[in-house]
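2 protein chains.
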Amino acid sequence: MNVMNRPGESANRSLEDMMLAAVEGDRLALARMLTMVERGGDSSAEVARVSYRSKQRGQTVGITGAPGAGKSTLVEKLISVAREGGKSQVAVIAVDPTSPFSGGAILGDRIRMQSHAGDKGVFIRSMASRGHLGGLSIAVPEAMRLLEAAGMDPVIVETVGVGQVEIEVASATDTTVVVLNPGWGDAIQANKAGILEIADILVVNKADRPGAKDAVRDLQQMLDMAFSLGIHPRAMTKSTGASQEMWRPPVLETVASTGEGIPELWSAVENHRVYLEESGEGTLRRRKRAERSIALVLEAEMAKQLERIRSGHMYVSLVDATESGHSDPYEAAEKLMREADSGR
Amino acid sequence: MNVMNRPGESANRSLEDMMLAAVEGDRLALARMLTMVERGGDSSAEVARVSYRSKQRGQTVGITGAPGAGKSTLVEKLISVAREGGKSQVAVIAVDPTSPFSGGAILGDRIRMQSHAGDKGVFIRSMASRGHLGGLSIAVPEAMRLLEAAGMDPVIVETVGVGQVEIEVASATDTTVVVLNPGWGDAIQANKAGILEIADILVVNKADRPGAKDAVRDLQQMLDMAFSLGIHPRAMTKSTGASQEMWRPPVLETVASTGEGIPELWSAVENHRVYLEESGEGTLRRRKRAERSIALVLEAEMAKQLERIRSGHMYVSLVDATESGHSDPYEAAEKLMREADSGR
Numbered sequence: 000m001n002v003m004n005r006p007g008e009s010a011n012r013s014l015e016d017m018m019l020a021a022v023e024g025d026r027l028a029l030a031r032m033l034t035m036v037e038r039g040g041d042s043s044a045e046v047a048r049v050s051y052r053s054k055q056r057g058q059t060v061g062i063t064g065a066p067g068a069g070k071s072t073l074v075e076k077l078i079s080v081a082r083e084g085g086k087s088q089v090a091v092i093a094v095d096p097t098s099p100f101s102g103g104a105i106l107g108d109r110i111r112m113q114s115h116a117g118d119k120g121v122f123i124r125s126m127a128s129r130g131h132l133g134g135l136s137i138a139v140p141e142a143m144r145l146l147e148a149a150g151m152d153p154v155i156v157e158t159v160g161v162g163q164v165e166i167e168v169a170s171a172t173d174t175t176v177v178v179l180n181p182g183w184g185d186a187i188q189a190n191k192a193g194i195l196e197i198a199d200i201l202v203v204n205k206a207d208r209p210g211a212k213d214a215v216r217d218l219q220q221m222l223d224m225a226f227s228l229g230i231h232p233r234a235m236t237k238s239t240g241a242s243q244e245m246w247r248p249p250v251l252e253t254v255a256s257t258g259e260g261i262p263e264l265w266s267a268v269e270n271h272r273v274y275l276e277e278s279g280e281g282t283l284r285r286r287k288r289a290e291r292s293i294a295l296v297l298e299a300e301m302a303k304q305l306e307r308i309r310s311g312h313m314y315v316s317l318v319d320a321t322e323s324g325h326s327d328p329y330e331a332a333e334k335l336m337r338e339a340d341s342g343r
Numbered sequence: 000m001n002v003m004n005r006p007g008e009s010a011n012r013s014l015e016d017m018m019l020a021a022v023e024g025d026r027l028a029l030a031r032m033l034t035m036v037e038r039g040g041d042s043s044a045e046v047a048r049v050s051y052r053s054k055q056r057g058q059t060v061g062i063t064g065a066p067g068a069g070k071s072t073l074v075e076k077l078i079s080v081a082r083e084g085g086k087s088q089v090a091v092i093a094v095d096p097t098s099p100f101s102g103g104a105i106l107g108d109r110i111r112m113q114s115h116a117g118d119k120g121v122f123i124r125s126m127a128s129r130g131h132l133g134g135l136s137i138a139v140p141e142a143m144r145l146l147e148a149a150g151m152d153p154v155i156v157e158t159v160g161v162g163q164v165e166i167e168v169a170s171a172t173d174t175t176v177v178v179l180n181p182g183w184g185d186a187i188q189a190n191k192a193g194i195l196e197i198a199d200i201l202v203v204n205k206a207d208r209p210g211a212k213d214a215v216r217d218l219q220q221m222l223d224m225a226f227s228l229g230i231h232p233r234a235m236t237k238s239t240g241a242s243q244e245m246w247r248p249p250v251l252e253t254v255a256s257t258g259e260g261i262p263e264l265w266s267a268v269e270n271h272r273v274y275l276e277e278s279g280e281g282t283l284r285r286r287k288r289a290e291r292s293i294a295l296v297l298e299a300e301m302a303k304q305l306e307r308i309r310s311g312h313m314y315v316s317l318v319d320a321t322e323s324g325h326s327d328p329y330e331a332a333e334k335l336m337r338e339a340d341s342g343r
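First to last, the protein sequences are chains A and L.
Under numbering that gives the first Met the number 0, the first residue of the first sequence carries the number 0, and numbering increases by one thereafter.
Under numbering that gives the first Met the number 0, the first residue of the second sequence carries the number 0, and numbering increases by one thereafter.
Check the hints yourself; a few may be wrong.
Unchecked claim - Sample of chain L residues at the chain A side, in silico, Cβ under 8 angstroms:
| hint | residue |
| --- | --- |
| 1 | G40 |
| 2 | A44 |
| 3 | S292 |
| 4 | L317 |
| 5 | E322 |
| 6 | D327 |
Please keep in mind that the hints were generated in silico from the structure rather than gathered at the bench.
Every residue, glycine too, gets a C-beta built ideally from N, C-alpha and C.
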């Protein structure tokens, strides 16, 4: 069914059609909408107008950790367990902020995921940061919402590294899984990078290697300390008045290559979903995410406005005047803003 | 002379009086105006309206380098040499972005500078980042301009560390001096931190310690490489069409504690002033600085606007609507901006 460019229809109308098609399983329609989200600007705004109005929700699951921790294999096995457990539509967004296009390491990972290539119930998409104003921080949440609207559940977001963007993206989900490996210092490094704070579930992958028990013990100790001091973000749930017990991130051992521990990980993900619903924390998180999405759009608008101001006709002469003692930065800024205002 | 709050005069009028008083040597008036600059907002805007309109200019000299490199002692000795060389009004701004008030390490440094305490020709002021919107990046250039307007020459800006703010502040001067110490890796560290790029003059202080010659050689080699590859920012001066020879940062050895090498450092500072004037580079830099000052005021305005938008009456309900599927981030942002616009 070709739903694009049908004569006599507005762009929005045809996006609603595309959305309906996507819900009915049209993967091409879904892929096109994701491309629009990636493109950013008006294009992603149009998609957002449709996808954010859907009542359809799925559990979003962020999976983050250092490169080489085995996240892709883990995700691959997690998909299998979720599918066997009855999940009919599973989506994965693989995020690589460093790559200008979807390729490189990501491509290698995607090829490994081909074990799901023949499965109509699995949708996998790589996202890189090409040109979206506000970058992946805007694009990924919008893509998540679109996939939820299309009926995907869970929507898994896998990030490549542990940079600032990755942490932001992975933690803007319902459930955040942090993947570590055995080995001295890994837990401490993770703590430094601030990724323990965002974890709802901690996984020591490659747990058949030496040092796995030590890593689990280190992580448990760090959690003990954070909780007893009340500095763990989750430890603050109590003060919000939720009647529910606090969620303490479980520390799980997996061997993704053999599938060991993956069913337990999937159970933990499902338990966390129940916790989110029953404690009200899920709504709080979604509200925070909505707030963040609006803030990012506003910031992008401000950046555009700044650009417009600085490209005004008076700009060069006002810089000169400030340099030569005929104006000052405040007066110059004021005049530039007035010029931009009157030009709108 | 009490020039403030004289009845029948506008605030601006009395600031002009204060400026006149400061030029005539009234240190209390100058100190008051600096406090206004530090306070930020309207207060600093008022000072800027007066100080930026002065035609009086002095050479601004930034001195940066790792903590413990001996910058304070070096500045102390440099003041003496400048005073002996006939400079009648020397100012020092000591910048500490980490401290919420002027104290701590800075205070210790100031005490050491007491050798100039009885000298009316030396004005020393510490600046920390208390509350100035846009922070020290706005406040320090404004303080520099004020001190220039008051007849200070040179205006030395000494920073405590080599963080992003310090580098920005120290490099927003006519002449930037980077102070290093002998010792393996120091030059390489400096290169990594990007402070070699901003240096007009390189100083290996504590040159009586082992490794001084190696440090000088390392720095010279790095400069050779940067210049031959054309990647040193100064190496680009030629392409701007200036007829003048390029400025190659000299690498000097000093022992600040004994005063060794300080006269040579002062000569280099004076040579650089001549270079700036004759090559036209000085005007270019001042123009760039004016541009940056305007941009910072604009950015601060945008931040205020964002704050205003987010404190609008519709904010909470629009976040809720976005969360619950009745709006989307783009529509919500649009409505919030419209609300803020109509409220102006």
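Tested hints:
Evaluation of the L:G40 hint against chain A yields a violated restraint, the C-beta minimum of about 10 angstroms exceeding 8 angstroms. At its closest, the beta carbon of L:A44 sits 4 angstroms from a beta carbon of chain A; the interface hint therefore holds under the 8 angstroms criterion. At its closest, the beta carbon of L:S292 sits 4 angstroms from a beta carbon of chain A; the interface hint therefore holds under the 8 angstroms criterion. The beta carbon of L:L317 comes within 7 angstroms of a beta carbon in chain A, closer than 8 angstroms, and the hint placing it at the interface holds.
Checking L:E322 against chain A by beta carbon gives a least distance of about 4 angstroms; that is within 8 angstroms, so the hint holds. Interface restraint check for L:D327: the shortest CB-CB distance to chain A comes to about 3 angstroms, inside 8 angstroms, so the restraint holds.
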